[in-house]
Amino acid sequence: MSTYWPWWAGAIGLALVTINHTLITDRSLGVSSAWDRVLHWRRERHLEQMDEEFTDDQALVEALAAATAEHFGTGTGASTMTQAPYEKSQPLEADIEAAADDSPAATNRRPAPLVTQAALLISVFLGGLIAAVTSGRFHLRYDMGPGFRDLVTANPTAMIAVLFVGGVLVGFGTRLAGGCSSGHGLSGCGRLRPVSLVATAVFFGTAVVVSFLLWKVI
Amino acid sequence: MRTRGAILLASIITGLALGYTVTNIGFGDYAELNRMFTFQDLRMLLSFAGAVVIIVCAFALLRVRRTPGRIHAGVIPGAVLFGTGWAISGGCPAIPIIQIASGYLPALVSIIGVIVGMRLCRWANGRYFHLDRGSCGL
Chain A
992 MSTYWPWWAG
1002 AIGLALVTIN
1012 HTLITDRSLG
1022 VSSAWDRVLH
1032 WRRERHLEQM
1042 DEEFTDDQAL
1052 VEALAAATAE
1062 HFGTGTGAST
1072 MTQAPYEKSQ
1082 PLEADIEAAA
1092 DDSPAATNRR
1102 PAPLVTQAAL
1112 LISVFLGGLI
1122 AAVTSGRFHL
1132 RYDMGPGFRD
1142 LVTANPTAMI
1152 AVLFVGGVLV
1162 GFGTRLAGGC
1172 SSGHGLSGCG
1182 RLRPVSLVAT
1192 AVFFGTAVVV
1202 SFLLWKVI
Chain B
2 MRTRGAILLA
12 SIITGLALGY
22 TVTNIGFGDY
32 AELNRMFTFQ
42 DLRMLLSFAG
52 AVVIIVCAFA
62 LLRVRRTPGR
72 IHAGVIPGAV
82 LFGTGWAISG
92 GCPAIPIIQI
102 ASGYLPALVS
112 IIGVIVGMRL
122 CRWANGRYFH
132 LDRGSCGL
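Protein sequences appear in the order of chains A and B.
The letter at position 178 of the first sequence is residue 1169 when you use the working numbering, and the numbering goes up by one with no holes.
The letter at position 106 of the second sequence is residue 107 when you use the working numbering, and the numbering goes up by one with no holes.
Calculated from the structure, these hints are not laboratory results.
Hints are supplied without guarantee of correctness; some may be wrong.
What the hints assert, rightly or not - Heads up, incomplete: computed chain A residues facing chain B, CB under 8 Å, no partners named:
#, residue
1, ALA1002
2, ASN1011
3, HIS1012
4, TRP1032
5, LEU1038
6, LEU1111
7, ILE1113
8, ALA1122
9, LEU1142
10, GLY1164
11, ALA1168
12, CYS1171
13, SER1173
14, ARG1182
15, VAL1193
16, PHE1194
A quick note: this is a predicted structure, and the numbers were derived from the prediction, not measured.
Virtual Cβ for every residue (Gly too), placed ideally from N, Cα, C.
Chain B extracted, bound-state conformation:
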């Protein structure tokens, strides 16, 4: 059982490290992102894939518990929308934050869009979809 203070401290350290790492890899740079998605430059793709390989090995060695998750009706359409938005605006949910931190002021519009999109999804799901979507990170 982790205490509230430990989780808070861990979240701060994670946030600082994530922001620092993602910025230095180049995820906030639209040109770099497009070069990754069009396979012109594999550096960022290898960073991501390499991280996944290391995490898989570490979680297996450390016997990290699996979390529940099922492929519900929202996964594929949601992922298609997310992929489209990521490619055209250059931002997944963490990226507009580091874009602003790097001085790209228009990224504030992306953040407003993310907020609108998330509120819209919760409203639409409650009214129309009624999906038990779960969440990958609590």
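Next comes chain A alone, as it looks inside the complex:
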């Protein structure tokens, strides 16, 4: 009898985590993108600073426009500055719907602050530690358990090499594909995004093939 949660409890748990994160932050959950941003924190911090400066500039321009409008009595201030030219053709209704669905301008918002991504990764560790300790599964080990020993290798040097190569493939692959099991698998598939459905099918299918090779052939 497995000491792990039954499938329905796992499904509800994963779904609640993903739905709550999306509703509260208005952003998708993605552990690999959190990793990527934390690893490249210098560049990300620079981008954040530029973004903040841009926001300040935009706020200044809008305040000046509002003050000018108030002084000259032209009405709505900043909104008049951004009005589309009269000669520009109006988009069809279908175009508007498509834009609302897929246009980066319509759906992209500023990335979550860098510090929140670091907090996410640290919290995953703490959540895992609480679960392992409270369930009595926490044991310090210098191997990856009997499953890894039987299916992959029992040799400590080979184990280190396999874990490193596997980690490199995971890191490279998730960033090349634009997401991992949480980003593409849960958030992306939950939104029925074609790219996430394709990515999830391919990485899951590949893992099935490789696991069968490990189990039956190698």
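Please build the complex by placing chain B on the supplied structure of chain A, with the hints as guidance.
Chain B in isolation, oriented as in the chain A frame:
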């Protein structure tokens, strides 16, 4: 518009809940993972698939906005590399963290590998691929 504090608090709660849930489902246990991928035990597979079904229904009911995303040239090769790495090392990006939290110290090597792989991908993309890869979770 969510405030910085709200996003920080939400990220901490999400991280704690994700780590707790994923550990209790068994994703950090290599034997369980292999049994899922070889269909010897459908418990973990049903957990994942069930979660996706619930999320699809919830997002549809709550009218959660779609995010942009297109199938660029890196998606399929990237997913193949990720699937291979996941099957042989037992870790997707969150899993080595909870493996260490469960006491599997060699998982630190997987984390070092993930770091090297991500840096390598950014370097290779900037130098050779020039893909507008986007990201699924910002």
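Hints, verified against the model:
no.: 1; hint: ALA1002; verdict: holds (3 Å)
no.: 2; hint: ASN1011; verdict: holds (7 Å)
no.: 3; hint: HIS1012; verdict: holds (4 Å)
no.: 4; hint: TRP1032; verdict: violated (12 Å)
no.: 5; hint: LEU1038; verdict: violated (12 Å)
no.: 6; hint: LEU1111; verdict: holds (4 Å)
no.: 7; hint: ILE1113; verdict: holds (7 Å)
no.: 8; hint: ALA1122; verdict: holds (4 Å)
no.: 9; hint: LEU1142; verdict: holds (6 Å)
no.: 10; hint: GLY1164; verdict: holds (3 Å)
no.: 11; hint: ALA1168; verdict: holds (3 Å)
no.: 12; hint: CYS1171; verdict: holds (5 Å)
no.: 13; hint: SER1173; verdict: holds (6 Å)
no.: 14; hint: ARG1182; verdict: holds (5 Å)
no.: 15; hint: VAL1193; verdict: holds (4 Å)
no.: 16; hint: PHE1194; verdict: holds (4 Å)
The structure shown violates the earlier hints numbered 4 and 5.
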